[in-house]
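Based on the sequences and whatever the hints tell you, model everything.
Counting from 2, one number per residue, gives the positions in the sequence shown under my numbering.
By construction, these hints were calculated from the structure, which means they are not laboratory data. Please read these numbers as outputs of a predicted model, since none were measured by experiment. Note that beta-carbon positions come from the ideal geometry of N, C-alpha and C, so glycine has one too. A couple of the hints might just be wrong.
Unchecked claim - Capping the alpha-carbon separation at 25 angstroms, the derived lysine-lysine pairs in PhoX-like fashion look like this: (1) Lys647 to Lys633; (2) Lys512 to Lys491; (3) Lys84 to Lys8; (4) Lys280 to Lys242.
To be verified - Computed beta-carbon distance windows for the label pairs: (5) Asp501 to Ala54: 39 to 45 angstroms; (6) Asp371 to Asp501: 30 to 36 angstroms; (7) Glu521 to Asn705: 41 to 47 angstroms; (8) Gly93 to Met2: 24 to 30 angstroms.
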Amino acid sequence: MESLIEKCLYQYLEEALTRSLGFSREEIRKLVEEGRLKINRTPDPRMGDYGVALHILLKNIPREEWPRKGEQLLEELNKLGFKQECRILEAGFVNGYLNVTIDYSSIISNLVKEFLEDGFKSTLSSYGGGRTIVVEHTSANPVHPLHIGSGRNSVIGDTFARLSRKLGFNVVTRFYVNDLGRQAAVLAYGVSKLRKNSIYPPQGVKIDHWYGMVYASVNIIMMIRKLSNELKIIEEELFNKLRLYVESNKEKLRAAPLLNAHLESFISIKPLVHNPFKKLAEFSREIRRLKNAEKDPTGKQVAGEVWGLVAPLLEKFRETYREYLSYVKAGALLQSLNPEVYTALSREVGSYEEAEKEITSLMWKAEHRDPEALGLLKQVSNDVLTGFKETLSNYGVSFDGFDFESEDEIVKLSQEIVEKILETGYANIVDGAVELDLNKAAQQVEFVRNLFAPDNPGRFIVRRSDGTTLYVTRDIAYSIIKFSKYHAEKVYNVIAIEQDRAQKQLRAALKILGFDREAENLVHFAYEMVQLKNMRMSGRRGVYYTMDELLVDMTRTLVEKQLGQVQRKGVQEDLSSTLPYAGELAVANARALLLSVEPGKVLFFDPERIGEFEHGVTIAYSFARLQSILRKQWGLEPLEALDEIKGRLLEEISKHGMSPPTTVDEKKLIEWLNAFTQTLITAHAEMKPNRLLEYAHSLALDLNRFYEKCSVIGERDLRIKNLRLLLVVASLITLSELMEILGIPRLRRL
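Now the structure itself:
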């Protein structure tokens with residue numbers, strides 16, 4: 002991770018090199034991206050602190066002209082004011098190198114104000130200035146436990162909310178509970194069937210995990226029946242086509258007796274075969290073989306005709322059968338885990354069409370305020386939310402409130418929105434359903450056109466033919482409520498990147514309806530999914546890696562690692578004071594893992610290698626070590642007596658002063674600490690909370706190197722000691738603030 006000074010140097014170099022050497026900005030940026038133009042620390046402090054080799058830019062210029070070009074570059078840099086902005090004391094050009102010396106004294110003076118006199122607090126709080134924002138995150142469907150994909154949403158959203166508070170925003174966090182959607186209705190349908198058989202959640206099983214099994218079981222049973230029926234239809238169509246072909250082409254088939262025999266055999270065996278897949282596969286292979294091997298032109302033609310007739314159906318059958326088998330396999334696993342639940346549901350769930358009809362009816366009744374349907378959906382959703390809250394609490398994630406899709410305010414406003422859409426001139430009635438035509442709107446509304454450019458916005462249904470609204474309709478209503486109820490300046494929806502189009506449609510609808518401020522200030526905080534090695538998660542199949550499992554695995558790994566270290570030492574060691582921290586360190590590692598990759602990029606994770614990720618532990622270890630130094634120095638508990646420690650250090654600095662940094666390790670820490678406030682502001686503006694983790698981890702690693710090479714308490718030169726104590730105190734404050742934002746437990750000892 003680059004320091005603030007390095008970023009500043011790159012910024013000014015780009016402009017100055019363009020002016021002095023005639024290169025375009027694009028050329029300079031490309032060289033920087035490729036690593037061919039790079040700022041590095043100098044091997045000798047006498048040469049400066051940083052150096053840039055410019056030979057790649059000077060190679061076509063006669064060497065005798067280099068000094069003049071260097072002077073021009075320095076002149077342009079000075080004109081741009083880079084010394085003041087980048088904290089440069091001196092800059093020089095020697096033999097194709099630009100060398101700069103950093104004014105660490107001015108940075109150190111600033112660190113005293115920022116960290117010993119709390120200047121950073123006003124800097125941060127002034128950024129938000131008390132403005133209100135809403136951060137809606139997690140909002141997972143309440144049908145199964147939170148898996149690692151939803152968990153990434155939770156940690157990103159929670160961290161962004163914490164960061165926003167630290168920056169002076171008035172933050173309202175919300176969880177939107179989709180208890181009117183099809184998924185919630187599928188689960189409620191399954192629960193109602195189980196209750197008929199007096200089957201309820203058992204004691205000793207986390208309730209959201211049990212409901213997740215019910216939800217998956219209903220989906221699997223329905224899909225097995227749906228796909229089984231589709232296979233029969235394909236099979237019937239295939240046999241009918243072949244039978245008709247044989248009856249209509251008897252003369253042709255005489256020229257291909259072997260093919261004719263296969264067709265007759267295949268058709269005649271249909272009534273005898275219970276599972277036709279094997280016979281279909283054999284038939285498919287034989288037809289392909291005959292088509293390619295037939296030497297007689299007529300026979301080859303007939304084989305080609307038959308193949309063209311059946312190939313699309315055979316491929317469709319093959320794909321459907323493959324999907325069918327995947328559900329059968331998933332069903333067998335769930336049946337082995339809880340035979341009572343799966344058997345009861347298999348018995349109670351009718352055909353796919355019957356089940357779908359009951360589920361649709363439940364959704365219709367709930368939206369039309371039927372007390373029994375509403376009560377069932379709300380109770381089941383609340384039960385699952387109980388499990389969610391327990392999981393999220395373990396990760397330090399909480400909300401200011403939960404908003405239910407089924408609330409009267411949202412449902413009523415959703416119906417009003419449909420009526421308003423009908424008045425816009427952009428609505429179509431399609432088979433009784435109301436459709437919003439954004440393609441038409443884009444022709445007249447620039448905001449809509451620009452939002453989707455260069456793509457077409459498309460159309461989407463806002464009310465079904467049966468009178469029920471869709472999720473997107475209720476989301477329009479909920480968005481309006483979030484702005485009006487909390488007087489929010491901005492609303493951030495932390496939602497998967499795959500919902501990008503839906504979020505644009507939401508903003509377009511708001512604009513069309515006249516909610517200009519809402520449309521322009523609704524922000525889609527997009528994040529990519531988590532991809533697990535050797536596992537493709539599917540809630541409908543009951544296949545996922547849960548946040549609960551992640552924490553258990555993290556804790557186990559940390560305990561095993563600690564025990565392993567003790568065994569390798571070959572000494573008796575009391576672990577009673579160490580092991581209790583394992584749970585908190587597991588939270589630190591798990592949250593760090595889910596933040597470790599930029600939100601817009603896929604997070605690849607292998608649960609089998611969970612022990613290799615230790616960012617959280619590294620940060621926690623450095624934090625504990627900083628406290629230990631201050632504890633030994635003043636005999637005070639740093640987290641309780643920080644103000645007193647700062648006061649004592651200010652007195653020491655006032656008496657004895659401070660030495661300028663003499664080691665690279667000191668200089669690195671000074672640069673990291675100098676970047677603290679700007680790092681927070683940039684991470685917020687770019688919606689990249691992963692930058693905070695990168696910053697904290699880099700600081701922790703450099704602190705570890707600092708401990709190894711620089712004595713603090715034992716340093717005899719009081720001016721050097723004061724500098725190092727300043728770095729320790731400032732680092733403690735910085736890590737403390739970062740850990741609070743990142744949700745990493747602030748442990749006193751390890």
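To see whether the hints hold, each was checked on the structure:
no., hint, result
1, Lys647 to Lys633, "15 angstroms, holds"
2, Lys512 to Lys491, "15 angstroms, holds"
3, Lys84 to Lys8, "14 angstroms, holds"
4, Lys280 to Lys242, "16 angstroms, holds"
5, Asp501 to Ala54: 39 to 45 angstroms, "42 angstroms, holds"
6, Asp371 to Asp501: 30 to 36 angstroms, "35 angstroms, holds"
7, Glu521 to Asn705: 41 to 47 angstroms, "46 angstroms, holds"
8, Gly93 to Met2: 24 to 30 angstroms, "27 angstroms, holds"
Checked against the numbered hints given earlier, the structure satisfies every one of them.
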